[in-house]
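*Asks:* So you can see what is in the structure, the chains are spelled out below.
There are 2 protein chains.
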Amino acid sequence: MTQQASIQVIQHLTSELTEEQVTVNDTVRELHGRDESYHTEKLPDIVVFPKTAEEVSKIMKTSQKFKMPVVPFGLGTSLEGHVIPDKGGITIDFSFMNKVIEVLPEDFLVKVQPGVTRSQLNKELKKYGLFFSVDPGADATLGGMVATNASGTTTVKYGVMRDQVRNLEVVLADGMIVQTGNMAAKSSSGLHLNGLFTGSEGTLGCFTELTLRVYGIPEHVAAARASFPTVDNAVEAVVSILQAGIPIARVELVDEASVRQVNHFSETDYHEQPTLFLEFHGNEEGLKQDVAFTEEIVTNHGCGQIDFETSTAGRNRLWEARHNLAYAFIHGYPGKKMMVTDVCLPISKLAGAVAHARENLETLGMDGGIVGHVGDGNFHALLMIDMNDPEEVAKAAEFNERIVQYALERGGTCTGEHGVGVGKLKYQQQEHGNALIVMEKIKQALDPDNLLNPNKILKPTERGAVL
Amino acid sequence: MTQQASIQVIQHLTSELTEEQVTVNDTVRELHGRDESYHTEKLPDIVVFPKTAEEVSKIMKTSQKFKMPVVPFGLGTSLEGHVIPDKGGITIDFSFMNKVIEVLPEDFLVKVQPGVTRSQLNKELKKYGLFFSVDPGADATLGGMVATNASGTTTVKYGVMRDQVRNLEVVLADGMIVQTGNMAAKSSSGLHLNGLFTGSEGTLGCFTELTLRVYGIPEHVAAARASFPTVDNAVEAVVSILQAGIPIARVELVDEASVRQVNHFSETDYHEQPTLFLEFHGNEEGLKQDVAFTEEIVTNHGCGQIDFETSTAGRNRLWEARHNLAYAFIHGYPGKKMMVTDVCLPISKLAGAVAHARENLETLGMDGGIVGHVGDGNFHALLMIDMNDPEEVAKAAEFNERIVQYALERGGTCTGEHGVGVGKLKYQQQEHGNALIVMEKIKQALDPDNLLNPNKILKPTERGAVL
Chain R
1 MTQQASIQVI QHLTSELTEE QVTVNDTVRE LHGRDESYHT EKLPDIVVFP
51 KTAEEVSKIM KTSQKFKMPV VPFGLGTSLE GHVIPDKGGI TIDFSFMNKV
101 IEVLPEDFLV KVQPGVTRSQ LNKELKKYGL FFSVDPGADA TLGGMVATNA
151 SGTTTVKYGV MRDQVRNLEV VLADGMIVQT GNMAAKSSSG LHLNGLFTGS
201 EGTLGCFTEL TLRVYGIPEH VAAARASFPT VDNAVEAVVS ILQAGIPIAR
251 VELVDEASVR QVNHFSETDY HEQPTLFLEF HGNEEGLKQD VAFTEEIVTN
301 HGCGQIDFET STAGRNRLWE ARHNLAYAFI HGYPGKKMMV TDVCLPISKL
351 AGAVAHAREN LETLGMDGGI VGHVGDGNFH ALLMIDMNDP EEVAKAAEFN
401 ERIVQYALER GGTCTGEHGV GVGKLKYQQQ EHGNALIVME KIKQALDPDN
451 LLNPNKILKP TERGAVL
Chain L
1 MTQQASIQVI QHLTSELTEE QVTVNDTVRE LHGRDESYHT EKLPDIVVFP
51 KTAEEVSKIM KTSQKFKMPV VPFGLGTSLE GHVIPDKGGI TIDFSFMNKV
101 IEVLPEDFLV KVQPGVTRSQ LNKELKKYGL FFSVDPGADA TLGGMVATNA
151 SGTTTVKYGV MRDQVRNLEV VLADGMIVQT GNMAAKSSSG LHLNGLFTGS
201 EGTLGCFTEL TLRVYGIPEH VAAARASFPT VDNAVEAVVS ILQAGIPIAR
251 VELVDEASVR QVNHFSETDY HEQPTLFLEF HGNEEGLKQD VAFTEEIVTN
301 HGCGQIDFET STAGRNRLWE ARHNLAYAFI HGYPGKKMMV TDVCLPISKL
351 AGAVAHAREN LETLGMDGGI VGHVGDGNFH ALLMIDMNDP EEVAKAAEFN
401 ERIVQYALER GGTCTGEHGV GVGKLKYQQQ EHGNALIVME KIKQALDPDN
451 LLNPNKILKP TERGAVL
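Line order of the protein sequences matches chains R and L. Residue numbering for the first sequence is 1 to 467, as defined by full-length UniProt numbering. Residue numbering for the second sequence is 1 to 467, as defined by full-length UniProt numbering.
Hints should not be assumed to be uniformly reliable.
Claimed, not checked - Dumping the calculated DMTMM-like pairs for lysine to aspartate or glutamate here, alpha-carbon to alpha-carbon at most 25 Å:
1. R:K288 x L:E285
2. L:K441 x R:E54
3. R:K441 x L:E285
4. R:K51 x L:D45
5. R:K459 x L:E285
6. L:K111 x R:E236
7. L:K126 x R:E219
8. L:K288 x R:E219
9. L:K441 x L:D174
Unchecked claim - Quick list of the computed label-pair ranges, beta carbon to beta carbon:
10. L:I217 x R:D389: 48 to 58 Å
11. L:K126 x R:G365: 42 to 52 Å
12. L:I217 x R:E272: 33 to 43 Å
Hints were generated in silico from the structure; no laboratory data involved. Glycine included, each C-beta is placed from N, C-alpha and C at the ideal position.
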């Protein structure tokens with residue numbers, strides 16, 4: 001974008017919004033040029049801070065008028081470069097749109113603006129005895145979580161972000177404001193736009209209000225740590241737990257290297273073996289039976305030690321440690337950047353995939369931990385990379401490649417929960433085949449000038465054009 | 001379509017398939033000109049019976065070549081005229097594509113052809129200790145159930161049809177075959193096509209293979225009937241059960257008139273009062289606690305009598321009676337046709353909606369029962385209409401109109417599970433507003449000549465054209 005064109009856009013935006021809501025300040029632009037990933041930063045030309053859907057609509061119309069790309073931005077906690085403005089343009093920061101609009105306890109629903117974070121929402125919901133279930137590692141914004149179809153440790157019981165979405169207020173490329181759903185628990189009316197916009201990573205529109213499902217805080221919760229001689233034993237135990245029909249609420253694998261990192265960072269003294277962090281929600285008597293059955297199963301799979309977290313404080317410490325794991329690695333390797341793999345496979349293929357990942361870590365001589373939402377067949381290898389060491393960067397890329405190929409060859413996906421962004425773009429053709437053409441047609445129908453977060457999910461140039 | 005054009009299409013189809021797979025026989029065409037609803041029949045010009053996805057692809061290419069509409073057909077159990085070929089053309093009957101392809105017990109998945117019925121699938125799954133959860137009243141085909149995003153009595157626990165879909169093999173308008181998903185439990189890769197094609201009622205493509213989620217048959221099941229002095233009491237009891245966090249597996253409301261019809265048809269002697277049919281799945285000890293808590297709650301809401309079905313036979317009789325309710329009405333009113341309303345509302349608005357429906361039945365002086373999947377906020381009024389009595393037909397239409405308006409004004413949907421078809425077309429603009437433009441753009445992008453089940457969900461003429 002030429003400087004003159006840029007000045008025109010700024011003038012237009014400041015006339016439509018207020019001067020304080022539009023900035024080209026270098027520091028602000030730099031904060032919006034990257035996310036928490038290792039992907040190379042690029043700066044937006046302009047950052048805007050809307051306060052209403054109508055203002056977002058004006059920004060979209062400006063984008064159309066000047067053919068300038070727009071990228072929505074929550075808190076920048078994405079892990080595949082989603083918010084990096086690949087072609088510059090306008091970044092829309094939603095931090096002024098951060099109100100919990102309405103809690104509807106009888107309907108188990110909440111209406112929020114997109115800039116609300118999950119911890120902010122849970123703090124509000126607690127007053128009503130409710131909680132929001134999806135818990136990615138970062139304290140992300142809910143708008144961002146819908147954009148990437150985020151999930152987390154409780155997904156095995158409560159589902160992914162898409163399962164929580166009842167309605168989205170979306171501003172489309174042309175500035176039109178639409179509602180994608182309603183407040184009913186189910187509907188067979190019209191084409192299913194909630195699902196389509198969830199996970200669309202800002203490529204089809206910007207969210208300005210979200211109606212999400214919430215749950216009652218379970219009356220009884222039990223948590224446990226079970227350590228195993230090998231990762232295989234742990235994964236096989238999980239498969240058995242699922243097959244036994246135990247309605248487990250969380251089951252997280254943390255490998256030996258990761259437990260060590262947790263202990264170091266969180267000042268815990270968890271047994272340094274491959275470990276499952278488990279949680280059960282239910283009524284008192286049902287829980288006892290579930291826990292006893294689980295204990296029997298893990299013992300049959302070689303579990304040497306199972307410890308129960310009976311207190312709320314103990315349970316909170318356990319999950320905080322798990323959530324802080326990525327930061328534990330980042331702090332443990334100063335100067336390095338983290339690459340996180342994110343494949344998800346059919347559960348029958350999981351043990352093999354984790355073993356394959358561990359072997360490849362060793363073959364390539366890399367440091368890293370393996371953790372995973374194993375109840376969903378989703379695991380992450382966390383690699384710490386010196387971005388100035390080309391050999392290390394190349395090895396990490398090679399590792400990621402092998403992990404993804406292993407998953408795709410077995411009916412899995414290149415990303416279980418982090419999304420495509422920049423990092424998984426190159427696998428879209430292989431994973432989706434001709435279905436990518438359907439996605440491209442939808443993108444072209446809704447964003448014909450390719451101005452909404454361009455080059456995320458779909459990259460026109462890879463096929464010559466969108467279509 | 002002129003006779004000559006029709007002959008050309010038939011010649012082309014028989015050259016692409018075999019002669020036995022293509023028919024213009026009047027009896028066969030009549031069987032494909034209606035569904036189980038009261039909507040006016042129209043005949044297809046040709047009925048074809050493909051055996052493979054490749055053959056479906058050839059049919060789609062023929063449809064494109066001769067600009068002749070295509071309508072997919074399972075068993076014709078739809079309730080809003082979905083399979084009625086509004087513009088004639090080719091009806092694709094999937095009854096030859098009725099194989100259970102593969103059961104994957106470890107992954108809790110099954111691959112089936114679209115013509116498999118839910119009872120056929122459950123018979124096969126039982127061998128593995130598994131079951132398929134979605135149970136609409138009819139023994140529909142799974143392809144049809146995906147097409148309408150069907151649901152049923154277990155949705156409150158296991159979700160709707162869309163929640164079960166992992167992958168669809170879809171033949172598009174141009175004959176291209178795509179896979180919309182994969183076998184992993186979750187994915188954030190690409191735009192979410194599973195959700196978009198589920199519920200698309202044949203307007204975006206035809207399904208030729210479905211990968212669906214299945215569940216372990218619960219080890220312990222408890223069922224109960226609880227009768228109440230008023231429908232309001234029953235609905236309010238359900239809200240309390242949900243708020244108490246009891247993970248109920250089924251909770252069906254059957255009003256007094258409907259219990260009477262059930263008793264008459266199924267030779268049961270259930271207490272003739274508004275009744276909840278309840279079911280609980282879980283472990284032995286947990287169930288006991290859930291059941292005891294539920295008993296306390298329903299008693300607090302005026303339940304005068306609660307009866308437990310302890311035997312498998314008793315439970316099966318209970319659910320068979322509930323499933324046969326529509327047929328019970330049809331048999332009870334020979335010569336009449338059934339109209340079923342299908343709104344779904346936020347649960348907090350349900351008691352009011354059911355009371356409103358009952359009042360309007362009385363004001364309009366109509367016979368009918370009210371039943372509902374009340375845990376989801378979805379209820380049906382079943383009306384028996386003499387289609388030759390214009391006054392009765394007009395009253396039924398007026399009743400449906402009032403029910404829908406009541407729901408739409410309160411954040412609900414015009415159809416919770418039956419789909420749009422012909423019957424709910426007129427509410428799409430009101431329900432979806434500008435979002436309908438998004439749906440139309442998607443339809444136009446994927447079916448530019450409007451040949452796939454035309455005039456279902458979206459009717460171009462109502463806006464002048466599809467965009």
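*Asks:* Against which earlier hints does the structure fall short, listed by number upward?
*Replies:* 3, 4, 5, 7
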